[in-house]
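Could you build all of it, start to finish, from the sequences and the hints given here?
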Amino acid sequence: MTTQEFEQRLTEHLSRFVAEVLESDARASAPTHSRAVGCAEAPGGGPDWGVVPRAEITIAAGDKAEKYFEDLETWVSRNGFGDPTDNKQPGRPWVVDALSEDGARLVMELPPKSPQFAVTLTGPCTWPPDRPGGPPPSGQLPPLPAPSEPTQTYDSDSEERACRSPKLYVYNQAAPRFAGPGPHPMLLINYRDEESFGYAELPAKFEPQDNDHASRSYRDQVQLLVCARVEPTRDSGRDVTCYYSPISTTRGTPYIFDVHESTYHVAVLEAGSGKRVSEFTVPGRQGDEESCPDTMPWGDHPRTLARGIDEAAFESKLRPLYSSPR
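Counting the sequence shown from 1 gives a position; the numbering used here is that position plus 304.
None of these hints come from the bench; they were simulated from the model. In this text, all values refer to a predicted model and were calculated from it rather than measured experimentally. One or more hints might be untrue.
[To be verified] Restricting the straight-line Cα-Cα distance to at most 27 Å, the calculated cross-link-like pairs of lysine-lysine (DSS-like) are:
| id | residue 1 | residue 2 |
| --- | --- | --- |
| 1 | Lys471 | Lys417 |
| 2 | Lys509 | Lys371 |
| 3 | Lys471 | Lys579 |
| 4 | Lys417 | Lys509 |
| 5 | Lys417 | Lys371 |
| 6 | Lys368 | Lys417 |
| 7 | Lys392 | Lys368 |
| 8 | Lys371 | Lys579 |
| 9 | Lys417 | Lys392 |
| 10 | Lys368 | Lys579 |
| 11 | Lys471 | Lys368 |
| 12 | Lys579 | Lys621 |
| 13 | Lys371 | Lys471 |
| 14 | Lys471 | Lys621 |
Structure representation (structure tokens):
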């Protein structure tokens, strides 16, 4: 194949990476292209006059750089890049290396604590444009296969993935459409980016009227996924003691938490497609004792507690989505 043809293919790969993985909080640079003469180190080798095309982008995602690095690794493994090899040692650059079915080699590198990472694609050995006797250029290689469908979290214990990476995971591909008259049942999922603090559960007023979250009848009704990411903002200067009563004792076990003010970043997604329906923030305004986690912490439990969500404000945002016709 000609160098120009595979340069176009590298651009197609990079465009798919951006479209299928990145969301609004990540940005990709325009691709840069270069060529190297000599194919000794190219996949499959080749003559010393052959040309290896190269294309690179930089993905900037702030404190979510690691998330998008891992998301992209997951996506390429589902879309023709086989089983990527990775090296993710603490304190050293993360590196992923993969080879596509069409001969493109992918290398991703994320330096420690960096807000961005590099994505580099190199092609196989190609025929240079200034060398006679090459194959006639077709102008375009055969199209790439359609991207894979998102993985369903419906039958797993990883429902949170549909909130963190809605382009890669979806709650239930067979979910009822978010359409027609209300009610539009919701599944509420709260999560955190750090493991160092606890938080209270969300109110379940808009969830399906089935007390067993694990039951199929409950999950089959869900039209909307309500994803609430809790973020502690500042230390309130207060402590709270939460009491828990294990079955084996009659006295409550005390756990002391350092209370932090908090903000809840809420995204409402269609359960069947992951499409974003609404997005808003709600402050944490519950009292300190009301903010105690529902279940007793185990082991090395978090000593920081985010204030529980302002339930009235939260419900006022959700009610129109739950009740109104679509």
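Evaluation of the provided hints:
Restraint check for lysine 471 and lysine 417: the C-alpha separation of about 24 Å stays at or below 27 Å, so the hint holds. Simply put, lysine 509 and lysine 371 have alpha-carbon atoms about 31 Å apart, too far for the 27 Å limit, and the pair is violated. Our distance criterion of 27 Å between C-alpha atoms is met by lysine 471 and lysine 579, whose separation comes to about 9 Å. Annotation: proposed proximity of lysine 417 to lysine 509 is violated, straight-line Cα distance about 40 Å (limit 27 Å).
Taken as a hint, the lysine 417 and lysine 371 pair is honoured in the structure, with Cα atoms around 12 Å apart against an allowance of 27 Å. Annotation: proposed proximity of lysine 368 to lysine 417 holds, straight-line Cα distance about 10 Å (limit 27 Å). The suggested pairing of lysine 392 with lysine 368 holds, with an alpha-carbon distance near 16 Å, which does not exceed 27 Å. Of the pairs offered as hints, the one joining lysine 371 and lysine 579 holds, with about 19 Å between alpha carbons and a cut-off of 27 Å not exceeded.
Proposed proximity of lysine 417 and lysine 392 is supported: the alpha carbons are some 13 Å apart, at most 27 Å. With a C-alpha separation of about 20 Å, the suggested pairing of lysine 368 with lysine 579 holds against the 27 Å cut-off. Pair hint lysine 471 plus lysine 368 holds up; C-alpha atoms about 15 Å apart against a cutoff of 27 Å. At roughly 18 Å between alpha-carbon atoms, lysine 579 and lysine 621 fall within 27 Å of each other, so this suggested pair holds.
Under the criterion of a C-alpha separation no larger than 27 Å, the hint pairing lysine 371 with lysine 471 is consistent with the structure, at around 13 Å. As the CA atoms of lysine 471 and lysine 621 are separated by approximately 24 Å, the hinted pair is consistent with the 27 Å bound.
Of the hints listed earlier, those the structure fails to meet are numbers 2 and 4, in rising order.
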